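Colleague: Following our numbering, the numbering of the sequence shown begins with 4 at its first residue and continues without gaps.
No lab work stands behind these hints: they were computed from the structure.
Every value quoted in this text rests on a predicted model; they were computed, and no experiment measured them.
Label pairs and their calculated CB-CB ranges: (1) V68 with L32: 23 to 29 Å; (2) R26 with E65: 28 to 34 Å; (3) H34 with Y4: 39 to 45 Å; (4) E7 with V30: 34 to 40 Å; (5) F56 with A29: 18 to 24 Å; (6) D54 with K28: 24 to 30 Å; (7) E65 with V30: 20 to 26 Å; (8) E11 with E33: 28 to 34 Å; (9) K86 with E37: 55 to 61 Å.
Simulated crosslink set (DSS-like; lysine-lysine; CA at most 30 Å straight-line): (10) K53 with K43; (11) K28 with K43; (12) K28 with K53.
Built from N, CA and C at the ideal position, the CB exists for glycine as well.
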Amino acid sequence: YSDEVAREIDDEIRRIIEDGYARAKAVLLEHEDELHGVSKTLIERETIDKDQFERLLAGESEESVFPPPEPTAADLPAEPEQKARPEIQPRPFPMPGGATP
Numbered sequence: 004y005s006d007e008v009a010r011e012i013d014d015e016i017r018r019i020i021e022d023g024y025a026r027a028k029a030v031l032l033e034h035e036d037e038l039h040g041v042s043k044t045l046i047e048r049e050t051i052d053k054d055q056f057e058r059l060l061a062g063e064s065e066e067s068v069f070p071p072p073e074p075t076a077a078d079l080p081a082e083p084e085q086k087a088r089p090e091i092q093p094r095p096f097p098m099p100g101g102a103t104p
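Start from the sequences and build out the full structure, keeping to the hints where you can.
Modeller: Okay, structure coming up:
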């Protein structure tokens, strides 16, 4: 193709990229507060799933999206330790024939 066609292709590509950039920037600026909120949540939690992400963007509170975890056995108070019984030492039995060790 000619230099003129190459220039037209380059101009069209440049226009597509600039339009996409402007649109992406507008969307990010429009939702800047939500973006910062989700970023803060990701920093604290490291991962969230799609449902949690969508609920946060829909305006649900973080407390409703991430309810407190149910207590596990490790979270329950420890039972008082029972006093350890002394270990029973075996006693030697007498050897047949009267000899003792």
